[in-house]
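Since chain Y is already given, all that's left is putting chain F on it; use the hints.
2 protein chains.
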Amino acid sequence: MPELRKDPILGRWIIISKERGKRPTDFIVVKPATKGGFCPLCPGNENTTPPEILSYGRSDPTPNKPGWSLRVVPNKFPALVIEGELDKQGEGLYDKMNGIGAHEVIVETPNHDETFTHLPHDRMIQTFWAYRDRLVDLGRDPRFRYVMIFKNFGRAAGASLEHSHSQLVALPILPRMIVSELDGSLSYYKYKERCVFCDIIRQELNQNIRVVCENDLFITITPYAPRAPFEMWILPKKHSCSYISMDDVGFQMLTKIFSESLRRLDKCIPDVPYNFVLHTSPLRSQPLEHFHWHFEIMPKLTMIAGFEWGAGFYINPTPPEDAANFLKEAEI
Amino acid sequence: MPELRKDPILGRWIIISKERGKRPTDFIVVKPATKGGFCPLCPGNENTTPPEILSYGRSDPTPNKPGWSLRVVPNKFPALVIEGELDKQGEGLYDKMNGIGAHEVIVETPNHDETFTHLPHDRMIQTFWAYRDRLVDLGRDPRFRYVMIFKNFGRAAGASLEHSHSQLVALPILPRMIVSELDGSLSYYKYKERCVFCDIIRQELNQNIRVVCENDLFITITPYAPRAPFEMWILPKKHSCSYISMDDVGFQMLTKIFSESLRRLDKCIPDVPYNFVLHTSPLRSQPLEHFHWHFEIMPKLTMIAGFEWGAGFYINPTPPEDAANFLKEAEI
Numbered sequence: 048m049p050e051l052r053k054d055p056i057l058g059r060w061i062i063i064s065k066e067r068g069k070r071p072t073d074f075i076v077v078k079p080a081t082k083g084g085f086c087p088l089c090p091g092n093e094n095t096t097p098p099e100i101l102s103y104g105r106s107d108p109t110p111n112k113p114g115w116s117l118r119v120v121p122n123k124f125p126a127l128v129i130e131g132e133l134d135k136q137g138e139g140l141y142d143k144m145n146g147i148g149a150h151e152v153i154v155e156t157p158n159h160d161e162t163f164t165h166l167p168h169d170r171m172i173q174t175f176w177a178y179r180d181r182l183v184d185l186g187r188d189p190r191f192r193y194v195m196i197f198k199n200f201g202r203a204a205g206a207s208l209e210h211s212h213s214q215l216v217a218l219p220i221l222p223r224m225i226v227s228e229l230d231g232s233l234s235y236y237k238y239k240e241r242c243v244f245c246d247i248i249r250q251e252l253n254q255n256i257r258v259v260c261e262n263d264l265f266i267t268i269t270p271y272a273p274r275a276p277f278e279m280w281i282l283p284k285k286h287s288c289s290y291i292s293m294d295d296v297g298f299q300m301l302t303k304i305f306s307e308s309l310r311r312l313d314k315c316i317p318d319v320p321y322n323f324v325l326h327t328s329p330l331r332s333q334p335l336e337h338f339h340w341h342f343e344i345m346p347k348l349t350m351i352a353g354f355e356w357g358a359g360f361y362i363n364p365t366p367p368e369d370a371a372n373f374l375k376e377a378e379i
Numbered sequence: 048m049p050e051l052r053k054d055p056i057l058g059r060w061i062i063i064s065k066e067r068g069k070r071p072t073d074f075i076v077v078k079p080a081t082k083g084g085f086c087p088l089c090p091g092n093e094n095t096t097p098p099e100i101l102s103y104g105r106s107d108p109t110p111n112k113p114g115w116s117l118r119v120v121p122n123k124f125p126a127l128v129i130e131g132e133l134d135k136q137g138e139g140l141y142d143k144m145n146g147i148g149a150h151e152v153i154v155e156t157p158n159h160d161e162t163f164t165h166l167p168h169d170r171m172i173q174t175f176w177a178y179r180d181r182l183v184d185l186g187r188d189p190r191f192r193y194v195m196i197f198k199n200f201g202r203a204a205g206a207s208l209e210h211s212h213s214q215l216v217a218l219p220i221l222p223r224m225i226v227s228e229l230d231g232s233l234s235y236y237k238y239k240e241r242c243v244f245c246d247i248i249r250q251e252l253n254q255n256i257r258v259v260c261e262n263d264l265f266i267t268i269t270p271y272a273p274r275a276p277f278e279m280w281i282l283p284k285k286h287s288c289s290y291i292s293m294d295d296v297g298f299q300m301l302t303k304i305f306s307e308s309l310r311r312l313d314k315c316i317p318d319v320p321y322n323f324v325l326h327t328s329p330l331r332s333q334p335l336e337h338f339h340w341h342f343e344i345m346p347k348l349t350m351i352a353g354f355e356w357g358a359g360f361y362i363n364p365t366p367p368e369d370a371a372n373f374l375k376e377a378e379i
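Taken in sequence, the protein lines are chains Y and F. Per my numbering, residue 48 is the first one in the first sequence, and the count goes up by one each step. Per my numbering, residue 48 is the first one in the second sequence, and the count goes up by one each step.
If we strip away everything but chain Y, and leave its shape as in the complex, we get (with noise of 0.2 Å):
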């Protein structure tokens, strides 16, 4: 059973995956990603998988064959563990619980060689059918406090899988990402009495000097303060704290953006690693005039970051408004 820990300073949990347990050898060689050779997530090999959660696109009803167009399946060396107690304990001054939780892939196309980039909106669409779906059902699980959902594209960013996908993981706790925006965002509209997500937006928006694109519901920017080159987030512009409740003109909206503002991407940084993380609002949590539901976009450039990863101290050589600029320039 994998377990959870929180470091008693900072209060930020971890998981121990036992499971994968990792002897010192088993970290001297490398194992790239998938090329070529076998793929689990290709169609014809659904029982290569655990048994199905969620199919999109069947005309033949039976699960775990081929004939999808999305499938969700939970990730076959979890780092959490869907069945059991929490038993929340203490170890002295530690505190731990058992690691239970669901640790999910989205299987996003089901041909190998189509990146996330460049599916067309009609097929990315799906994947945020998939995230909702997936954040409503998990919600009613009583255990489960946060899901967290994000996409690894490219070796770099820890994909350790070639064919397009992303994962989500439930948690019996917030992580730290989450309460700090929630407290930030918190002390902010104590302040000011409004959000400062939206606060963000009507700024960009009148400076547009770190506009990517936009479109009725939805605007890309370079954060102020980015963490890493070409850093982008994508809001809706009116006030939500919560993806789930996003409608169906919503969801073709937010397609549209996320699309162009990956191509953006890609036509700058050609097959540039990146990471993108969900930030929405706790499970089942009441509506949060504080806090905005959005997408942060992380390209993964190795040799810029260094000691940020222990330190979370970063050092960005591109200004925001730079990016912007590339981006909002590239021809796609």
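Read the hints as simulated data drawn from the structure, not as lab findings. Since we're looking at a predicted model, the values are computed, not measured.
Same chains, same names: a pair is fine if it fits in one copy or spans any two.
In silico lysine-lysine, DSS-like type, Cα no more than 30 Å apart, as pairs: (1) 314 / 65; (2) 53 / 239; (3) 53 / 284; (4) 375 / 65; (5) 239 / 135; (6) 143 / 239.
Same frame as chain Y, but now just chain F:
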């Protein structure tokens, strides 16, 4: 002039280093750390670095000539600049100031092929002296609030030069990592009236399952909730908030345990890239009952880290008890 900018939600400061300004195409070719070829840190090439700030070991006191055993020079491509006023200002809802600070390189040995891990103790100790001497000197500049001291070893950990060196960055703000530790340890102190680090040391000595090694004055542990496999913390056993208060015996004992810890790590995972960061109290701080200086050593096992970078949530496949065991049993 570089700029310090604050994220309006998280309060995190980042450096925008325009002088290093990168166009998208600059990211495409990833340069390896200098292997062979010209090394600006080697003796005989002193004129290719900015003039030295400090050196040890010279018989002839003329600076910027060979004969040194350790040398501190300004970074040739500094992230911050030493001359100027802070000039704090707002930009709508955003906060910024001039990128005033120091960025220095500590060249730990004249021998290009020596690694820090395998330096003899009488050589390694000089690095720890240099950290103190620079902390004391930079602490006199009222513009600075913190000096971040860190080492990147190996390309995957961000080292762009092969020759053994560490770096320091003097900052006019407190980095988020230190703010979080100060806040977290103060909460604990308010509740318990004890230093959380002192309590950790007591419990670790008592449980003896995460202790890697110890001597009269220091202890190395794998922390209870580590972000990365084989993460290690080195702490003084006796409460002390500030690195610069260490005495002569302290420096000797620190060198001994640091050397032993790194050699144990190297034995487990040969040549593993790593970062270490000194965590000490802010410059000119009063003695703090709740904060305890220490080093954190983070091996960089690239394929393990994934979305952690973007989301601040860590999955660690190696329980620290296992890591401590491997480290303890390594024959050095």
